[in-house]
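2 protein chains.
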Amino acid sequence: MTLLDGKKISDQIKDEIAAEVAGMIRRGEKVPHLAAVIVGSDGASLTYVGSKVRACQRIGFESTLKQLPESTTEEELLEVVAELNADSDIDGYIVQLPLPRHIDEQKILLAVNPDKDVDGFHPTNFGKMALELESFISATPYGIMELLRRYNVETSGKHAVVIGRSNIVGRPISILLSQKGEGANATVTLVHSRTRNLPEITRQADIIVSALGVPNFLKSDMVKEGVVVVDVGITRVPDASRERGYYICGDVDFEGVSKKASFITPVPGGVGPMTIAMLLKNTLLARQRHRTRT
Amino acid sequence: MTLLDGKKISDQIKDEIAAEVAGMIRRGEKVPHLAAVIVGSDGASLTYVGSKVRACQRIGFESTLKQLPESTTEEELLEVVAELNADSDIDGYIVQLPLPRHIDEQKILLAVNPDKDVDGFHPTNFGKMALELESFISATPYGIMELLRRYNVETSGKHAVVIGRSNIVGRPISILLSQKGEGANATVTLVHSRTRNLPEITRQADIIVSALGVPNFLKSDMVKEGVVVVDVGITRVPDASRERGYYICGDVDFEGVSKKASFITPVPGGVGPMTIAMLLKNTLLARQRHRTRT
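As you go down the protein sequences, you meet chains A and B in turn.
FYI, in numbering that gives the first Met the number 0 the residues of the first sequence are 0 to 293.
FYI, in numbering that gives the first Met the number 0 the residues of the second sequence are 0 to 293.
Do not take every clue at face value.
[Said to hold, decoys possible] To give a feel for the contact side, a few chain B residues facing chain A, derived at Cβ under 8 Å:
| id | residue |
| --- | --- |
| 1 | THR123 |
| 2 | ALA129 |
| 3 | ASN151 |
| 4 | VAL152 |
| 5 | GLY156 |
| 6 | ARG164 |
| 7 | GLY182 |
| 8 | THR188 |
| 9 | VAL190 |
| 10 | ARG195 |
| 11 | ILE233 |
[Said to hold, decoys possible] Simulated restraints on C-beta separations:
| id | chain 1 | residue 1 | chain 2 | residue 2 | range |
| --- | --- | --- | --- | --- | --- |
| 12 | B | GLU131 | A | LYS179 | 23 to 33 Å |
| 13 | B | LYS223 | A | VAL213 | 28 to 38 Å |
| 14 | B | ARG202 | A | TYR246 | 52 to 62 Å |
| 15 | A | THR72 | B | ARG202 | 53 to 63 Å |
| 16 | A | SER40 | B | LEU96 | 21 to 31 Å |
Please keep in mind that the hints were generated in silico from the structure rather than gathered at the bench.
All C-beta atoms in this analysis are idealised placements derived from N, C-alpha and C, irrespective of residue type, glycine included.
Using the sequences provided together with the hints, build the complete structure.
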């Protein structure tokens, strides 16, 4: 069994990006600039945004954090988005979700200029991704594809089963895995809450990507010998014995499944770190594309 | 075995749309206006465009056919597209594919205003469709969904196998069938040229949508008893004994498969007529949405 070490691979990717940035600085070019917008003071969201901004700083990107009060109106946030769209110094930006309830999330995401949408959440980017045109691929599915590629996991002609049909993971990864080209070409089955005989399907899988959010959902009797398992679940399970008061649990019963798997991601340290690396990668791509266009 | 009679259902849909149009005329409202652009004089393309325009006229839409010479440059076509985008009388329009080789198809499709893109080929519409936002769903997959719905074919929790991963049929129908909501919620497997043991997978299917373009590909030993079969193939097979010199052949060996199927589309008279009906439906939707917005 080989561990799909997202921590290690994401460090490699960050090193590669940092080397690119060093080259930009040497040549006197503008470095990539990522902005992040957060509304309110939700603990988890602040942690996520904070680690994105720190990751930018570490690899030499410029970064801007716009922290807005919980009371920010939809109109005010749309103004901030319009400013970021207009600001030629900003290559890409993200609006941290979830937003407070009084703001229509969809309306905000639709206002983001697709050319700066490094989260890849805008329908135009999603459509371009699905149609195999140049786009920003959302960081989590992009990270999963990259992780499989770097470990030379064979996907062509393999049966991949994706568990969960969310717009940010299950749906896009099911599309990416079944596309043409290197590192894809899998036969893909998308299973979800309405699927009957789910274990019967997962037992046929050569590759399983689980993005359900149910701790320890996938047990060893639901997979076949030699399966490749990517665990996207990151549920916070309350645990008074830990200083933080919780621990992070994946969708996969690692103890049992890892005994049958040929490759498997740990949680934490699997898909999670890849997500931040691919956000940085998208910001680098945004810079390179803006440079080409102007 | 029940025939999924696309001819009959498409006539019903056209009657419903015609009734809406009659209401618009009665209320003194503007009726939907569809424009079609065709470049060159390919026989099949002219036939398709001609039948779309005639269908418009029959149900009371306004229609405009822009027939441009084969020698039209990309720049000239982009100008025509810009004019159609700007013309507030045009609710929706299509650019008939394929375009002559000297024109970049993708560039033209990206120039179409997504709000008038009744073919649903623009990435923004594709993305919105995939993300379950208001969009124009491409006519063929939309027609398949509608045909299944009108025959009350149960899809929820069923295993649907889609054969072929094209951007205009296989990919979108695989997404639509697995989405939430009425008439969807299927477990979907997308199989294609790289799939191994394809018959093993199709034999598990409760529903098969074949969009491969290989005459008589799906044989009776590849399906299980009671399967629902939707045949999207429309290959022209040369046949000197016919006046036209060819006949239209589907992906499905109808003779054999129909003996095991619970529902099956004929070819012709199945998915084909639904496609035109749904293009008209999209044009009606375009008119209604433009009215709401202005």
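| said: Restraint: THR188(B) near chain A, CB-CB cut 8 Å. Satisfied or not? | reply: Check passed: Cβ of THR188(B) comes within 4 Å of chain A, closer than 8 Å.
| Per the CB criterion, is GLY156(B) less than 8 Å away from chain A? | Given a least distance of 5 Å, the restraint on GLY156(B) holds.
| request: Return the status of the interface hint for ARG195(B): holds when the least beta-carbon distance to chain A is below 8 Å, violated otherwise. | output: OK, holds: ARG195(B) within 8 Å of chain A, min 5 Å.
| message | Is the interface hint satisfied for ARG164(B)? The criterion is a beta-carbon contact with chain A at less than 8 Å. | response | Interface hint status for ARG164(B): holds (6 Å vs cutoff 8 Å).
| message | Restraint: VAL190(B) near chain A, CB-CB cut 8 Å. Satisfied or not? | response | 5 Å, holds
| field | Beta-carbon spacing of LYS223(B) to VAL213(A) - inside the hinted bounds 28 to 38 Å or not | value | 31 Å, holds
| request: Could you say whether the range 21 to 31 Å given as a hint is met by the Cβ separation of SER40(A) and LEU96(B)? | output: 51 Å, violated
| said: Just to be careful: measuring from the Cβ of VAL152(B) to every Cβ in chain A, is the smallest value less than 8 Å? | reply: 15 Å, violated
| ARG202(B) and THR72(A) - C-beta distance against the hinted 53 to 63 Å | Once the Cβ atoms are compared, 56 Å apart, the range 53 to 63 Å for ARG202(B) and THR72(A) holds.
| Hint validity - ASN151(B) Cβ closer than 8 Å to any chain A Cβ | 17 Å, violated
| request: Identify whether the interface hint at ALA129(B) stands, where standing means a beta carbon of chain A within less than 8 Å of its own. | output: 6 Å, holds
| Any CB of chain A closer than 8 Å to the CB of GLY182(B)? | 12 Å, violated
Checked against the numbered hints above, the structure violates hints 3, 4, 7, 11, 14 and 16; every other hint is satisfied.
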